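S.K.: Fit chain B to the supplied structure of chain A, relying on the hints for placement.
Chains as they are written, first to last, in the UniProt record's numbering: chain A, 1 to 461; chain B, 1 to 461.
Source of the hints: derived by calculation from the structure; they are not laboratory data.
The structure presented is a predicted model; accordingly, all values stated were derived computationally and were not measured.
Where hints are given, some of them may not hold.
Stated by the list, open to error - Pulled from the structure, derived: some chain A residues nowhere near chain B, Cβ distances all over 10 Å:
hint: 1; residue: Ala31
hint: 2; residue: Arg37
hint: 3; residue: Arg63
hint: 4; residue: Glu138
hint: 5; residue: Val458
Claimed, not checked - Chain B is faced by these chain A residues, among others (derived, beta-carbon under 7 Å):
hint: 6; residue: Leu172
hint: 7; residue: His271
hint: 8; residue: Gly280
hint: 9; residue: Val281
hint: 10; residue: Ser284
hint: 11; residue: Arg352
hint: 12; residue: Asp358
hint: 13; residue: Ala373
hint: 14; residue: Asn378
hint: 15; residue: Phe394
hint: 16; residue: Thr398
Backbone N, C-alpha and C define an ideal beta-carbon position, used for all residues, glycine too.
Number of protein chains: 2
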Amino acid sequence: MEDEVIDQVEPEEEGYGLDNRTVAAIRLAVAAGDRVRLGELLEPLHPADIADLLEQVDSGHRREILLLGSSFFDGEVLSELDESLREEVIAFLPRDVLSEAVRELESDDVVDLLEDLDEPQQAVILDALEDADRLAVEQALTYPEYSAGRLMQREVVRAPEHWTVGETIDHLRAHKEALPDQFYHVIVVDPGIRPVGYVTLGKLLSSRRSVKLTELFEESFRTIPATQEEGEVAYAFNQYHLISAPVVDDAGRLVGIITIDDAMAVLDEEHEEDILRLAGVGDSSLSDRVVETCRQRVPWLLVNLGTAIVASLVIAQFETAIAQVVALAVLMPIVASMGGNAGTQSLTVAVRALATKDLTGSNVWRVVRRELAVGVINGVLFALVMGAVGVLWFGSGTLAMVIAAAMIINLGVAALAGILVPVMLDRLGVDPALASGTFVTTVTDVVGFFAFLGLASVVLL
Amino acid sequence: MEDEVIDQVEPEEEGYGLDNRTVAAIRLAVAAGDRVRLGELLEPLHPADIADLLEQVDSGHRREILLLGSSFFDGEVLSELDESLREEVIAFLPRDVLSEAVRELESDDVVDLLEDLDEPQQAVILDALEDADRLAVEQALTYPEYSAGRLMQREVVRAPEHWTVGETIDHLRAHKEALPDQFYHVIVVDPGIRPVGYVTLGKLLSSRRSVKLTELFEESFRTIPATQEEGEVAYAFNQYHLISAPVVDDAGRLVGIITIDDAMAVLDEEHEEDILRLAGVGDSSLSDRVVETCRQRVPWLLVNLGTAIVASLVIAQFETAIAQVVALAVLMPIVASMGGNAGTQSLTVAVRALATKDLTGSNVWRVVRRELAVGVINGVLFALVMGAVGVLWFGSGTLAMVIAAAMIINLGVAALAGILVPVMLDRLGVDPALASGTFVTTVTDVVGFFAFLGLASVVLL
Numbered sequence: 001m002e003d004e005v006i007d008q009v010e011p012e013e014e015g016y017g018l019d020n021r022t023v024a025a026i027r028l029a030v031a032a033g034d035r036v037r038l039g040e041l042l043e044p045l046h047p048a049d050i051a052d053l054l055e056q057v058d059s060g061h062r063r064e065i066l067l068l069g070s071s072f073f074d075g076e077v078l079s080e081l082d083e084s085l086r087e088e089v090i091a092f093l094p095r096d097v098l099s100e101a102v103r104e105l106e107s108d109d110v111v112d113l114l115e116d117l118d119e120p121q122q123a124v125i126l127d128a129l130e131d132a133d134r135l136a137v138e139q140a141l142t143y144p145e146y147s148a149g150r151l152m153q154r155e156v157v158r159a160p161e162h163w164t165v166g167e168t169i170d171h172l173r174a175h176k177e178a179l180p181d182q183f184y185h186v187i188v189v190d191p192g193i194r195p196v197g198y199v200t201l202g203k204l205l206s207s208r209r210s211v212k213l214t215e216l217f218e219e220s221f222r223t224i225p226a227t228q229e230e231g232e233v234a235y236a237f238n239q240y241h242l243i244s245a246p247v248v249d250d251a252g253r254l255v256g257i258i259t260i261d262d263a264m265a266v267l268d269e270e271h272e273e274d275i276l277r278l279a280g281v282g283d284s285s286l287s288d289r290v291v292e293t294c295r296q297r298v299p300w301l302l303v304n305l306g307t308a309i310v311a312s313l314v315i316a317q318f319e320t321a322i323a324q325v326v327a328l329a330v331l332m333p334i335v336a337s338m339g340g341n342a343g344t345q346s347l348t349v350a351v352r353a354l355a356t357k358d359l360t361g362s363n364v365w366r367v368v369r370r371e372l373a374v375g376v377i378n379g380v381l382f383a384l385v386m387g388a389v390g391v392l393w394f395g396s397g398t399l400a401m402v403i404a405a406a407m408i409i410n411l412g413v414a415a416l417a418g419i420l421v422p423v424m425l426d427r428l429g430v431d432p433a434l435a436s437g438t439f440v441t442t443v444t445d446v447v448g449f450f451a452f453l454g455l456a457s458v459v460l461l
Numbered sequence: 001m002e003d004e005v006i007d008q009v010e011p012e013e014e015g016y017g018l019d020n021r022t023v024a025a026i027r028l029a030v031a032a033g034d035r036v037r038l039g040e041l042l043e044p045l046h047p048a049d050i051a052d053l054l055e056q057v058d059s060g061h062r063r064e065i066l067l068l069g070s071s072f073f074d075g076e077v078l079s080e081l082d083e084s085l086r087e088e089v090i091a092f093l094p095r096d097v098l099s100e101a102v103r104e105l106e107s108d109d110v111v112d113l114l115e116d117l118d119e120p121q122q123a124v125i126l127d128a129l130e131d132a133d134r135l136a137v138e139q140a141l142t143y144p145e146y147s148a149g150r151l152m153q154r155e156v157v158r159a160p161e162h163w164t165v166g167e168t169i170d171h172l173r174a175h176k177e178a179l180p181d182q183f184y185h186v187i188v189v190d191p192g193i194r195p196v197g198y199v200t201l202g203k204l205l206s207s208r209r210s211v212k213l214t215e216l217f218e219e220s221f222r223t224i225p226a227t228q229e230e231g232e233v234a235y236a237f238n239q240y241h242l243i244s245a246p247v248v249d250d251a252g253r254l255v256g257i258i259t260i261d262d263a264m265a266v267l268d269e270e271h272e273e274d275i276l277r278l279a280g281v282g283d284s285s286l287s288d289r290v291v292e293t294c295r296q297r298v299p300w301l302l303v304n305l306g307t308a309i310v311a312s313l314v315i316a317q318f319e320t321a322i323a324q325v326v327a328l329a330v331l332m333p334i335v336a337s338m339g340g341n342a343g344t345q346s347l348t349v350a351v352r353a354l355a356t357k358d359l360t361g362s363n364v365w366r367v368v369r370r371e372l373a374v375g376v377i378n379g380v381l382f383a384l385v386m387g388a389v390g391v392l393w394f395g396s397g398t399l400a401m402v403i404a405a406a407m408i409i410n411l412g413v414a415a416l417a418g419i420l421v422p423v424m425l426d427r428l429g430v431d432p433a434l435a436s437g438t439f440v441t442t443v444t445d446v447v448g449f450f451a452f453l454g455l456a457s458v459v460l461l
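In isolation and in its complexed conformation, chain A is listed as follows:
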């Protein structure tokens, strides 16, 4: 294990992404107003790395970089940029740079760019597009947010059912200019433009010209409804190893195509959302300002304050017991803390399993039984440990028994709440990542304090 960690350090250092030396050199060039040097430094960078650069510096430096190196900020950099910064950067770019930047993008990237902007900025970008592109983008925007219709690209390479390999290749050569930058399948459609199958370019390249497309269909073929939620789309790509999939409207007609790189980006965003929501942080980005960050975090802290006060009210019921045996005040946070941790373990496993569809109606009761068993076993284990600690520390067998019993109760309840709360929230259509934590820790705090102090009152007083 130790060796592995050390082995990994080297490749990490020569890994991908921006390195600090480049960032430092760029700052120097900007400070010196050296446009040529800045160009030399930006030129070899991938648009995604330029976007990261803009995200990593503060807004003052950002403006200086944009001002001096405006020719490097093309559409790709814009579409790689974190949403929280797009408005700022777009507002700052000269109109002609912006227009040129936007025109290079494929329709799905323009849609992605537009959807988070205010109306006036949207209008500026739409105006910059050519008529056909603008129409395409406006149509895409009629699909619901976070749907396959927004995610798809409209440039599709398609062929009728009766075509052969030769006819298809001739068609591709003749329409070379109209082909999308990246495509991996030719979508075969019936006369009603409904997709019936697809052929990989590899098969097309390696088959004789006389072979019919229908003989080369791939088993992996699946269509995606345009209204489908994008998380579901990402799930399908990951589960079924799709590379691209045709998107269809309600009538089953081909309206676009989604490729795996977009699905991978969605998967990444969904994960980010889950991990941040579990911690009670909403949409969040390192480039957010202080006020913005406070605004994101206060709601959850406020909810937590509410639950903490509820837990305190439970404690307040036992003031007399605590006044008589102060050791109770010393030990009570241990019971609550252990319950909170055990609950978080269960709920995180449950939230993740719900997201990956591993936890379903058909195995939920088995998982609940397992969690309860785990909770009780761990409860007994830590009851023994804490019982021993109680005896050694306070020399009281009774106190030790009280804390041991409270531990078993709270770890059992924590395990149950940890699985049942996210499952119920999911059934109600609420994202379990968002709300489970609060419910579960409220339960474990209240039960933990009540069980420990309640038992103590009965037994010790």
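M.R.: Frame of chain A, contents of chain B only:
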């Protein structure tokens, strides 16, 4: 927001993955010993869904399904199966079914299958392979675990620099049988078999036969060292929108290729690891048994018990103060809990930003300053709220001031610890997702109790 949630319910229900009705029908068929019906139900399922089925049922049902439907368990199902179940399923499958299953797989899938098995099971599978495949797999196993060398597939479509589009297409048609199932680029190599560029199949298909491959090179071309850590590989695919990338050895020679679907699977696994580690759960799967699950969760609970006891020791220093003012015992968990939550918010943002390389040496101090500012501002905000609660509840201005001051201190410290702890762990080469939580909550508990009770002792007594 409300409407969105409701809108999403429908597509979810007709979404992907196994549905409960199918699972129920399969159970019925198995219970009835109806091999034909089971076949009808399994036949339309994707291998990934069959693997999910095996994961969702308990081990008794699993055996029954495997026994009755053994002809459906091919190599793909095996490679989709969760690692925790592979040994069990492989041990149970008849030797000939297993051999056939393994022979269908590409080399990267066999490697993935092998690396988690015990020696005897590895030997069974290696024996089932043909000589050439076995050699390829054994060579792949010489690369470090979780490296690009293990992830890559060895079947690469390559062409020398001087070839034209026509020559390449002729070559592909002539060697049709040897082509991998899925490939997206032809890798162009120099006489030393070092990759110098690649050409997309789309370009190959749409260009005239006389065009040289070197004229069609893609800008996105990047090579990946075989020893590179797989998380780094997934990062590169996601950051640079790669579809496939050639893998090279120390001498820069082409040894294999990694495709985006494998990179997407790694990204998904890394996320799973992060989210579970943040919650103090190690490698975990819903199909793990009770004992296994206890074993995974006990270590973190033990660590948490240690930190909870440390916090209790802090409380114990103030027993006399608590005995005199029992309200302190009632209010103290609020300060600790708010600190813990604020710390978790900061650390989750930091852990995620480290994973996505958004938090680097060049912006770390700016982010630390921001977190501290957010912590202090939120501290002041909740100091006011808790001050008011203190006055209303206990009618004591002094107590209210004490809790308000403790709140500011603890939320400030929580914010600092939340960012500094993961950054320092990362620099030390420890995964910040694994250990940050413990450190940060220890700090916030200790500081929270100490600040509140300490101030109270000074002011109130």
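S.K.: Quick check: which numbered hints come out false for this structure?
M.R.: Violated hints: 15 and 16; rest satisfied.
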